[in-house]
Each structure stands twice: as C-alpha cells, then as structure tokens.
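Please arrange chains B and C on chain A, whose structure you already have, making use of the hints.
Chains as they are written, first to last, in the numbering used here: chain A, -4 to 99; chain B, 36 to 188; chain C, 18 to 297.
Honestly, the hints are just simulated from the structure, not real lab data. Here the structure is a predicted model, which is why all the values come from computation and not from measurement. Quick reminder that beta carbons are idealized off the backbone N, C-alpha and C, glycines included. All the pointers check out, no bait thrown in.
Below 20 Å or equal to it, Euclidean Cα-Cα: the simulated SDA-like pairs (lysine to any residue) are:
| hint | chain 1 | residue 1 | chain 2 | residue 2 |
| --- | --- | --- | --- | --- |
| 1 | B | Lys86 | A | Val4 |
| 2 | C | Lys24 | B | Arg73 |
| 3 | A | Lys35 | A | Gln84 |
| 4 | C | Lys252 | C | Leu208 |
| 5 | C | Lys24 | A | Ala66 |
| 6 | B | Lys68 | C | Gly28 |
| 7 | C | Lys252 | B | Leu46 |
| 8 | C | Lys252 | C | Leu206 |
| 9 | C | Lys252 | B | Leu45 |
| 10 | B | Lys68 | C | Ile29 |
| 11 | C | Lys21 | A | Glu2 |
| 12 | C | Lys252 | C | Ile264 |
| 13 | C | Lys252 | B | Asn44 |
| 14 | B | Lys68 | C | Leu25 |
| 15 | B | Lys146 | B | Tyr67 |
| 16 | C | Lys21 | B | Pro90 |
| 17 | B | Lys86 | A | Ile(-3) |
| 18 | C | Lys24 | B | Gly78 |
| 19 | C | Lys24 | A | Glu58 |
| 20 | C | Lys21 | A | Gln62 |
| 21 | C | Lys21 | B | Asn158 |
| 22 | B | Lys86 | A | Val97 |
| 23 | B | Lys146 | B | Glu178 |
| 24 | C | Lys21 | B | Pro93 |
| 25 | C | Lys21 | B | Ala154 |
| 26 | A | Lys43 | B | Phe122 |
| 27 | B | Lys146 | B | Arg98 |
| 28 | B | Lys86 | A | Thr(-2) |
| 29 | B | Lys146 | B | Glu76 |
| 30 | C | Lys221 | C | Ala269 |
| 31 | C | Lys221 | C | Ala277 |
| 32 | C | Lys21 | B | Arg149 |
| 33 | C | Lys221 | C | Ser255 |
| 34 | C | Lys252 | C | Gly210 |
| 35 | B | Lys146 | B | Val105 |
Covered stretches of chain C, going by a simulated chain B footprint (3 or more residues, C-beta under 8 Å):
| hint | stretch |
| --- | --- |
| 36 | 33 to 41 |
| 37 | 44 to 57 |
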Amino acid sequence: MITSTLETVPGRAITTHLGIVQGSTVRAKHIGRDIAASFKNIVGGELKGYSELLSEARREAFERMVQQAEAKGANAVLNVRFTTSSVAQGASEILAYGSAVVVE
Amino acid sequence: MQYLSEFANLLILLLLLLAGYGAGRLAERRHYKSILRREDELGDLIIVVSKTLPPTMPASDTRLVMGNVVVSVDYFKRFVAQLRMVFGGRVHTYESLLDRGRREALLRMQKQARALGAAAIFNTRFETSSISKGGKNSIGSVEVLAYGTAVVP
Amino acid sequence: MEFKNVKLPEGINVSAHSPLADFFILSAGILAGFAALAAGLLFFGAALARHAPVSWENALVAALFENQESAVDSRTAETTGELQTLADRLSAHIDLPEGLVVTVHYWDDAQINAFATLGGHIFIARGLLERMPNENALAMVMSHEIAHVAHRDPAAALGGVLLLQLLLAVTLDSAPTSLERLITGPNALLLSGFSRETERQADKIGLHAVAALYGHVAEAGRIFEVFLEQPEPPKLLSTHPLSRDRIDGIAALARTEGWALDGPRTPLAPALADPPAAAR
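With the rest of the complex left out, here is chain A:
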C-alpha cells in the first residue's frame, strides 16, 4: 500500500478513484501521566509521556485508514492529512484521511 501526501504517484497514472478513507482513534491519558505532567509544567520541556501517547494514537489511526483503503480494493492512499482535536479535557481524537486510489 502506497501512502503519500502527494496528489499523484510520480510516473504512475491513477486508474480509479475509490473515494475518501478515514482512520481515527480517541485516546486518553491516565491519572499518573496527569500528575507527572503537572510537575513537568513547572520545569518545562518535552512531555515525553504525552508525545508517546499521541504518536501511538496517530499510528493506529493511520493503520485504520490503510485498512479501509484495503477494504475498498485500493493500492495507494494519496493526499494523506492528519488532524488532532481535543474532544474532552484529557482525551484527543486523531484523524487520518486521504484518497483511496488504484494506480497502474
């Protein structure tokens, strides 16, 4: 499965557009991370706990998007975009979406 933020796959023509595919997860941090983060807020710097949490969530959202593309019979997902939004204090939704296509 080719995934790209480009509009096309260079050198290969798109034969079929299969539509939009999306993958999303909602992840929450636990109370322990909360307390650790409030300490880190005093010192400043990278909140490693949260970074890990969000990158893992993003990976999962991405995999779900690819899963949808495979279910549609695509061999490439183009124009991939990510959005992060906070749906509740302490929980974020990661969305990955793109165009599922068949390239020759």
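Just chains B and C, lined up with the frame of chain A:
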C-alpha cells in the same frame, strides 16, 4: 444520617445511567440506520481528498460545499469514558460518536453537492472541534465539519 | 479515469466493544482500587496517630481551646466533681497511656449524649444524666468514653480521616466528576464501618472496667435501651453499631467472661441524680 444523602446521590446516578444507556443505544442505532441508507443513495458521488482534477474530466462549474453536524454522547457513555480516562488508553465509547459525526458531515456535504448536480467533490477537508467541554473533564459535544469543492460536469 | 463506489465494512473505526462490559469492569476496578487504598490509608493514619506522643495531643488541645473557664456555680462544680470521681474509680481498671489524664466535663444540654475528644476530655450531657436510673448505668457510659481515650480513638479518627481526605483531594482534583460520584458512597461506607469497629472495641473495654468495679454488669445496657426509644439509621450508614446488637454484645461478653448479669444497684450521688440546668 448525613450518609443518606450520599446514597441518594448514588441512586440518582444509577437511574441516569440506565436512562442514558437505554435511550442512547436507541438513538445511536437509529442514526446509524439513517446513515447507512443515505450512504447507499449518495455513495456514487465520489469524495476525493486530492486537489487536481483529472484533465479529461468535464467541469462546467465548481462550488464550495460543506456539511457540518454537532453530536453528543449519552450520559452512560460519557460516564464510562470518564472512568476510562482514569486508566488511560483507547476510549471506545467516543469512537462511535466521532464516526457518526464524520459520516453525517460527509453525507450532508454530498447532499449539498447532489443538489447542484455535481459528479464529485474534490479537495475535501475535515475539522473537528469540541463545542462545549462540559463539566470537569467531560465531553460536551463535538462539531464535525467537512468541506470541499463540488465539480459539476 | 473512473470513479468507483465501494461500500466500506463497519467496525474499522468503531470497535465492537460493549460499553456495558466496560462499565462494570472499570467500576469494579476503580472501587476495588479505591477501597484497598482508602482502607489502607485510614488504618495507617489511625495507627500513626495512636502512637504519636500524648504530649502532642495535649498541646493541640491547649492550642485549640484556650482555657474557657467561666465562673461556675457551686451546683455545676459539685456535679462535675462527682462525675470526675466516678471516672477516676473506673480509670483505675483501664490501662491509660502515660501522660493522658481523663478530665470529665458536665455539659448542660438536653441531648442524650456523651463524647470523648482529644487530650482525654470527656463530656457528659444533662439529658443523658437525667435518663440514668442508677450509677451502674452511668458507669457503662463513662467507661465506654474512657475506653475511647485509653485507645486514643479521638486522635486516631483525626489522623485517619485527615490522611484519607488528603488522598481524595489529590486524586479528585484532576479527576472527572463521574469518579467523584462513584467514590462518595463507598467512602462513606468505609468511614462508618471504621467508626463502628472502634465503638465495638470501646464497648468491650468499658464493660471490663464496669465488671471490675462492681463485680457484675447489671444495667450496663441501660443507655442502649434508652437509644432504642428513637428510630435508628440502618446499620451500614451508621457510625455506631445498632443498639440491639450492643445489648446482645454485652450479654455475650458477660457469658464468655462469666460475669453476673444481675446485682445490687448503686444509687447515684445527689448531684448526679438531679443535674443543674441553666435557667432559661
């Protein structure tokens, strides 16, 4: 004697949970049925994230179209999500909320495009935002916006 | 270039996870975790407080309550004196920690009540005195309160509750409201259960002292029979065991220890039989 009020609170909580569970499941199932029906109708109006139109595609008119919806979860799911937030991890109960929201927003965008007689929608984008964060750490409601350019052949 | 619409299967972005199962598992987990942690803190705090030096307790009382000795009339002084005499006679049969002195105060109030607080101070209300037919009945109340003092229960309650409240303040500050609501019930259960246990202990030790002083335990259950005249809250919500259970407890302990359930009643001293009431 003062403990009695705390137990009264617990009872009210359980009643709300029960109501939320029952009514919430009903509402969600109804919504999904409607979503599946409309996806069958509007499915041939392809949504593309890419910007560039295929050169051979006829395009007499291009219009901005969008669809938005604000959805909320029922009391039961909200409660369970908050408990989940103590331990962290994937919040399953919100997944269906956002899935419904996104699909609903896409359908509304497609409806607008279909009314214009469009063949496809290009350069689609999503925006999700929490409308009211509710009380401490609780989800209030979420707005999903989908917007793109409808291409009329 | 063609456009093809392929229907997507459900279940990729939404996992088939039963929220009901989640609810029960999470609630059970949180309640169990909280119960264990809270119980641990309560007992630990209480144990710590019990072993704290008596001088700290006395100093705390002195700091909190500046000596509020207003002019007492002779009748009140006489009543207080008689109460103190009874307390001293009973204290001889109870192991008091070093440095902790029992001071009894006459509390001019219509309530049928008595309590022990920090520093060995015990308060007996007029309402209770008026319902005591003889010294034996009063002695059980008195020795129960002295038992609390001897076991350092006021200090333990303070320490335990303080530590527990600290835990709650730290966790609940950043926690969602549903967590708070879930916890308040079990929290109340835990505190009342803890309180009931200390009351049972005080009953036992108090009864030992009464049996030692009089040679029998007649009238020891009198105060509980007085309580039974009023409706009582259900057992689990109450800070004290049910009065019926306390009366039964006395009978059971007397049987085990071989104490006589009946015996000559000692009459109350006049100052106690007719306690002074402030002029309205």
